[in-house]
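Chains as they are written, first to last, in my numbering: chain Y, 1 to 316; chain A, 1 to 316.
No incorrect hints appear here.
Copies of one chain are not kept apart here, so a pair can be met inside one copy or by any two copies together.
Restricting the straight-line Cα-Cα distance to at most 25 Å, the calculated cross-link-like pairs of lysine-lysine (BS3-like) are:
1. 299 to 24
2. 291 to 218
3. 38 to 299
Hint data in this document are derived by calculation from the structure and do not stem from the laboratory. Quick caveat: nothing in here was measured; it's all calculated off a predicted structure.
2 protein chains.
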Amino acid sequence: MNTPAVTALDILHAHEIIKPYIHKTQVLTNSTLNNLFKCELYFKCENFQKAGAFKSRGATNAVFSLNSTEMKMGVATHSSGNHAQALARAARLRNIKAYLVMPANSAKVKVEAVKGYGGEIHFCIPTLEARESTLEEVIRQTGAIEIHPYNDARIIAGQATAAKEMLEDIPALDVILAPVGGGGLLSGTALSAAYFSPSTRVIGVEPEMAQDAFISFKQKQLVPSVNPDTIADGLRTSLGSLTFPIILDHVSDIITVSERSIIEAMRLIWERMKIVIEPSSAVPLAGLLEKKIELKGLKAGIILSGGNVDLAALPW
Amino acid sequence: MNTPAVTALDILHAHEIIKPYIHKTQVLTNSTLNNLFKCELYFKCENFQKAGAFKSRGATNAVFSLNSTEMKMGVATHSSGNHAQALARAARLRNIKAYLVMPANSAKVKVEAVKGYGGEIHFCIPTLEARESTLEEVIRQTGAIEIHPYNDARIIAGQATAAKEMLEDIPALDVILAPVGGGGLLSGTALSAAYFSPSTRVIGVEPEMAQDAFISFKQKQLVPSVNPDTIADGLRTSLGSLTFPIILDHVSDIITVSERSIIEAMRLIWERMKIVIEPSSAVPLAGLLEKKIELKGLKAGIILSGGNVDLAALPW
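Okay, chain Y solo, but in the shape it has when bound:
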């Protein structure tokens, strides 16, 4: 086993740092879904989190971990979605600048949210190359510090606090299911389970259309996605050099699900639980619908990662 880049103390410390700025989100249950899947499901509602997603945890930890010299020139990242909002919000809380490189085709609602938090947006064409080169240029001009959306120990420690809170509220979970994109949430979840509830297994669930984590996990080597195209827009990223080894060491299994199941699971949660979640949040429950995970009689936590969705373009 590799020495993890994030220790138990890092997670405890992150939680203390971010507590004044984030919600301790609720854990919801639903008797219809419990009956349907013949198990006890506990939903950690990060869709109710500040800025609408768990990303506020990592971004707030990263921004508030900077020392006064580091923070002076502000922070920067490229993101089309939740990380950009979370970073802009965290920067404003610390009264520093945030530079967000966003693809020109980003959802208008997300662009408006970033502006609402006072972030300075630099648009680029929607390719990874353009995003990276534009970010480099912004950093060269401004001296801002890059805060990567997931391949950063401070981010992983921050995302880990969601599972830590859930395990404090619902002890003795048999398993936790989390969606996997770049692996910040999944690696943090796996570390919190390993440190604070070692008997709890962690399973990652990924869209088939962006199955780099599944392939990397099975082959035990990092294989990035090629043109991932899933409705779960938060999960189109590939694992990073920091998240992958943690996942290899601490995650029990990774499974994949179809687009159709993701939409069905999303609708099931909206209809039965009366809450708004984004497609990425529905990915773990899609694994139950496809019967790829057997939970009969078990206590299972599911992290609902976020609730930022375009209400005018729902997938049904």
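Take the given structure of chain Y and dock chain A to it, following the hints.
Using the frame of chain Y, we list chain A on its own:
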């Protein structure tokens, strides 16, 4: 002042009866909405209630208030919506039959929900006359007891428990806003405020397109709606002989809102609070959007009445 048909003891008793069968729903807050309206808003989430609406409170109280003779032949009502589901569910909990007269054009999802609770559906053509005559015929044939959706003291006492719970969780509310259709929720809310928190004002909010309560309240005489046609499908009914006098005595004011404001308020709650509510639930916040209620600096409770909405036919 008339002697109310529902006493404080009736409400306390109703609450004890129904507690094992309903959710004590959460009260949510949202900092964006508080900033927008410059007040403290507390949302009582009856969209999370059993069967998806506050109607479970009244129906459960009515069904569990029947003695063993009364309950023998089952219960019956006509309803296109939440009361039918709530009554079917309550009847199943007590192991008696429920006969639901529903217009043939009822939403499929509501018909399925009633069937899911084991209710026996009798379809009729979608006019009030047909609903009433079909119900009469069903009662004649079965001997079932009619449980009216709102003009019934047991129903009013049950609906009153939502405001009672909210006042227990959030004391010293300056005002409570509730939507008004037949007046079961509004009259119950006004009674709970009068009995348990006399300094709390209660304001009813109604769609302009179904403004019988507004007109009746201003004219101090019952004037039923003619062809109400609002998106707030739970509020198309008219006040009853039992709900109207309670509202006259204990409600501070009734205001009306446009269809456009209802849709805007509904979307605002979905986007900002990440919860699914039906149009009727959005009616009170629409009153704030139209600046017809001034709440600056006040603590205001808003009852979100339900979350049963057709996700395939959203109004935006």
